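Protein chains in written order, with this note's numbering: chain V, 1 to 426; chain S, 1 to 424.
These are calculated hints, taken from the structure and not from any lab test.
Every value quoted in this text rests on a predicted model; they were computed, and no experiment measured them.
Using N, Cα and C, we set each Cβ at its ideal position, and we do this for glycine too.
Please note: incorrect hints may appear among the correct ones.
[Stated by the list, open to error] Derived PhoX-like pairs: lysine-lysine, alpha-carbon spacing no greater than 25 Å straight-line:
#1 Lys326/V - Lys144/S
#2 Lys230/S - Lys247/V
#3 Lys253/S - Lys247/V
#4 Lys395/V - Lys87/S
#5 Lys295/V - Lys144/S
#6 Lys248/S - Lys44/S
#7 Lys326/V - Lys161/V
#8 Lys419/V - Lys144/S
#9 Lys20/V - Lys95/V
#10 Lys65/V - Lys352/S
#11 Lys345/V - Lys36/V
#12 Lys134/S - Lys65/V
#13 Lys419/V - Lys345/V
#14 Lys192/S - Lys124/S
#15 Lys419/V - Lys248/S
#16 Lys248/S - Lys295/V
#17 Lys144/S - Lys247/V
#18 Lys134/S - Lys326/V
#19 Lys95/V - Lys352/S
#20 Lys295/V - Lys352/S
#21 Lys124/S - Lys134/S
#22 Lys192/S - Lys419/V
#23 Lys124/S - Lys345/V
#24 Lys295/V - Lys124/S
#25 Lys248/S - Lys20/V
#26 Lys124/S - Lys253/S
[To be verified] Part of the chain V face toward chain S, derived, beta carbon under 8 Å:
#27 Tyr70
#28 Gly71
#29 Ser75
#30 Leu248
#31 Asp350
#32 Ala390
[Unchecked claim] Which bits of chain S does chain V cover? Going by a derived footprint, with three or more residues having C-beta under 8 Å, they are:
#33 161–170
#34 303–317
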Amino acid sequence: MLQREQIAPGVHLNTIPADKFNRCRISLHFRFPASKEKATNHAVLPLVLERGYADCPDMTQLSRKLARLYGAALSVETSMQGASRILSISITGIKDQYALAGENLTAEYAAIALGVAFDPYFENGCFSEEAVTIEKDTLARQLQSEINDKRLYCVRQARRKFFGDSPAGVERDGYLADLPAVTPKTLTEAYQELLQTAQLDVICLGADQSVVCDMILQKLQKIDRKPAELTLRMAMPAQEVQRFEEKLDLVQAKLCMLFTWNQCVEPEQMNAFRLAMSLYGGSVTSRLFLNVREKQSLCYYCGSRFVSPTAFMMVDSGVEPANAQKAEAAILHELNQLITGPITKEELEDCRRGILSGMASVGDSLASLENWYYNEILRGGQVQTPEQSAEDLRKVTEEDVRRILAGFHHSVSYLVTKKEEADHAE
Amino acid sequence: MQNNTMQAVQAAVACDKIQLENGLTVLVRSMPGYSGVHAIYGTKFGAIDMEFEVNGKHVTLPAGVAHFLEHKMFESEDGDAFSKYAKTGASANAYTSFDKTCYLFTATQQIDESLDILLGMVNKPYFTEATIEKEQGIIGQEIKMYDDSPEWRIMTALFGSLYHNHPIRNDIAGTVESIAQITPEMLYDCCKAFYNPGNMVLAVAGNITTEQVLAACERANLPAQPATVKRIQPQEPETVARERYEFKMQLSKPCLGLGFKETPIEGAKAEIICDMLTELICGGMTEFYRTLYDQGLVNPGFGGEFLVLDGCCCFLFTGETSEPETVREMLLQRIETLRQNGVDEEIFTLCKNQSYGEMLQEMENIEDSATALAGSFFRGRSLTEDIEALASLTKEEVDAALQGMLQPQRSTTVIIWPNKEEDA
């Protein structure tokens, strides 16, 4: 069970018991409004932070330091959550009882994670010129290589069309065109603004939270905190469906379809969405899996996923280029069938059972525990345990599911398909 | 290692091991405080087993049969396994690698029922021409999906360049043409040869007792089906099949693959040395990696790996780079320098530390624990043996191994170039 305590304005310390695990974990999640203008600075930031910090500025030495701590894993990454961006710094490592020379490992983990977050390596009051230049180059190559993964590329293109200029459409990895304008100064300004304005959630799993709390409060003393208000939930308006097609040199076509729910999702609706997704395309007993993939052999993969902060559903699939239209029609047909046709008690209960089983196993890994509780925090309602959520899920009815599915409006279809399709169609 | 640390480590890797009368190896790790159970039922039968004799009958398979069989095992006369698991709430899956096929589930309730499904699904094989034909369509789609992955294509090309005859040359899923040749008789022959309890392991970890697992085995009533099986691997010359292979895909930057063919090795220590060598050559702790990274020559995903199978052993270094020829030369030079000067003492010690932490990590979750147990069966040694081998490993042993390994004359280079005309 999560214990959550506000320790400073906009700063929460969250403790999750983790006695049974061999490792412990400390995470710091900084959440702040996404900005298109600053997106590229925000994307470079984790790459530069991960290279080192004031007490260990060298990237290679930091790798060795982590190896010395029995292969502790440090990650610094950014993600998008609706109209917000999150910078997450996490460290995971074995517990003190396994240290071969009796070292106090957890104190060292905390020092590294907090060092990376609050004491980066600066030269003349800014991030190092060399580090910024190198990581701008790394990000440029990453942005250019987007096309290498055709499935992901298709999904990203579809999202771009879906969100347009909405703040939820800000690119997590920034923009190639904006990279030249990123300098040590702009990056330092973006970092300092983030320290002042972000909502900070510190999550301790199996680590001494009182030590972490004292260290955080000490770091915060140096910062003039003005936490920003965040938009928790949003939805894109329904629109006429737009279809896009792009031809590339590939073997299997990728089709991504996006649907808006047209209104914000309240936390208490989550379990109905979970069950609806499982029935439609989120499980091996779903209609998309059983009918579109197994019976009609139209796709190798074909699944649905719901993204609650922005209230949209994504169906992505890998299809024969010649079958793309047929696959899209079949995907829409299955949705319509669930809304208007019969839903058997058996399939509903099969799906419910699968989700309940997943909820019951949340406590079995550090990652799933953190993921569950941080998502609960992000939703902004009452933080529920998996057990409480399971109770609510048991009450979701067939009609609840139909109402959820009927609320979706098809907005965008994006197809990445094969060049010379006519020559190779089967 | 201090006594209390040693006790903690031993507890972290402890498990029960039982060999049943029918030959099945059962490995169980009870994990108090966990809610779920992860079970793996695996057989030593993978993509490289393409020729064998079973009870005197000679069988030759087209590429992709082990993977195809994995898909088919989910079907039986009384329905598919996914539907049965849906009644217990278990999440099920399966995978095929070069040398094994594993069926698995994770569940938090109705564990006994899920174990019954798992043990039953490969015990009563059921194949017809019609069900085989249907599967060919689905697997054909899967093969095409991998065709678009540069990472997959470069690995396949490396295996095809390193080996003349070894079946690792073939894609695990085969090709659309090879799976079209599959017949029910072939599948039944594979079951007879490899899906008998003596060739299989049941590895279970989580909220379960050994008694529960043994009771499930008894209920399944798995018959001992001793078969005389002789695996046949083609003769493989020491040389590489081709020194260089280049092709094009629609990519933003070229991809480099540098592979080294090795004489097959055996034993925990030899495998640990090979794993460690990739880290010592170009891992994140080396100045060499730093040079490549800071000069923008490689992306963070660049690195090396090592693979050992029956009749096959190789190192593979892969990654995206704008200058594949430069990086290739630098890698070859780096290996030569290490061979002459020996590996870095500090990084060697840190690698040992890191490997120790990784072993503990592998026994933390139910999924990882069951996977580690099954892995110990497939490798033929316990996790404790691995830890002991790691603890006693010396830098001198690594230096000695490097004298014979990673020789440029047994290397191959694969480059995928961006398809420029597509950019126009």
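Each hint tested on the structure:
Of the pairs offered as hints, the one joining lysine 326/V and lysine 144/S holds, with about 18 Å between alpha carbons and a cut-off of 25 Å not exceeded. For the proposed pair lysine 230/S and lysine 247/V, the alpha carbon gap of about 49 Å is over 25 Å, so the pair is violated. Restraint check for lysine 253/S and lysine 247/V: the C-alpha separation of about 19 Å stays at or below 25 Å, so the hint holds. Proximity of lysine 395/V to lysine 87/S is assessed by CA-CA distance (about 19 Å); at most 25 Å being required, the pair is judged to hold.
The straight-line distance between the Cα atoms of lysine 295/V and lysine 144/S is roughly 19 Å, inside the 25 Å bound, and the hint therefore holds. Between the alpha carbons of lysine 248/S and lysine 44/S the distance comes to roughly 36 Å, so the proposed pair goes past 25 Å and is violated. Restraint check: the Cα-Cα separation between lysine 326/V and lysine 161/V comes to about 22 Å, which is no more than 25 Å; the hinted pair holds. With a C-alpha separation of about 15 Å, the suggested pairing of lysine 419/V with lysine 144/S holds against the 25 Å cut-off.
Pair hint lysine 20/V plus lysine 95/V holds up; C-alpha atoms about 11 Å apart against a cutoff of 25 Å. Using a Cα cut-off of 25 Å, the hinted pair lysine 65/V and lysine 352/S holds, with the two alpha carbons roughly 13 Å apart. Proximity of lysine 345/V to lysine 36/V is assessed by CA-CA distance (about 46 Å); at most 25 Å being required, the pair is judged violated. Our distance criterion of 25 Å between C-alpha atoms is broken by lysine 134/S and lysine 65/V, whose separation comes to about 53 Å.
Note on lysine 419/V and lysine 345/V: the hinted pairing is violated, with a Cα-Cα distance of about 45 Å set against a maximum of 25 Å. Among the hinted pairs, lysine 192/S with lysine 124/S is consistent with the structure: their alpha-carbon atoms are about 11 Å apart, no more than 25 Å. Annotation: proposed proximity of lysine 419/V to lysine 248/S holds, straight-line Cα distance about 15 Å (limit 25 Å). Annotation: proposed proximity of lysine 248/S to lysine 295/V is violated, straight-line Cα distance about 35 Å (limit 25 Å).
For a cut-off of 25 Å, the pair hint linking lysine 144/S to lysine 247/V stands: about 16 Å separates their Cα positions. Of the pairs offered as hints, the one joining lysine 134/S and lysine 326/V holds, with about 18 Å between alpha carbons and a cut-off of 25 Å not exceeded. Taking the CA atoms of lysine 95/V and lysine 352/S, the gap is about 17 Å. The hint holds against a cut of 25 Å. Taken as a hint, the lysine 295/V and lysine 352/S pair is broken in the structure, with Cα atoms around 50 Å apart against an allowance of 25 Å.
Simply put, lysine 124/S and lysine 134/S have alpha-carbon atoms about 19 Å apart, close enough for the 25 Å limit, and the pair holds. Distance restraint check for lysine 192/S and lysine 419/V: the Cα-Cα separation of roughly 45 Å exceeds the 25 Å cut-off, and the hinted pair is therefore not satisfied. Proposed proximity of lysine 124/S and lysine 345/V is contradicted: the alpha carbons are some 29 Å apart, above 25 Å. For the suggested pair lysine 295/V and lysine 124/S, the alpha carbons sit about 23 Å apart, so the restraint of at most 25 Å is met.
At roughly 50 Å between alpha-carbon atoms, lysine 248/S and lysine 20/V are farther apart than 25 Å, so this suggested pair is violated. As the CA atoms of lysine 124/S and lysine 253/S are separated by approximately 49 Å, the hinted pair breaks the 25 Å bound. Interface restraint check for tyrosine 70/V: the shortest CB-CB distance to chain S comes to about 3 Å, inside 8 Å, so the restraint holds. For glycine 71/V, the interface hint holds, the least distance from its beta-carbon to any beta-carbon of chain S being 4 Å, beneath 8 Å.
A cut of 8 Å between beta carbons decides the hint on serine 75/V: the least distance to chain S is about 12 Å, and the hint is violated. Hint status for leucine 248/V relative to chain S: holds, with the closest Cβ pair at about 5 Å, below 8 Å. Interface hint status for aspartate 350/V: upheld, as the beta-carbon distance to the closest one in chain S is roughly 4 Å, under 8 Å. Against a cut-off of 8 Å between C-beta atoms, the interface hint on alanine 390/V is violated, since the closest Cβ of chain S lies about 10 Å away.
For the region 161–170 of chain S, the stated coverage by chain V is violated: 0 residues have a C-beta nearer than 8 Å to a C-beta of that chain, whereas at least 3 were required. Counting residues of the region 303–317 of chain S whose CB falls under 8 Å from any CB of chain V gives 0; the rule of at least 3 is not met.
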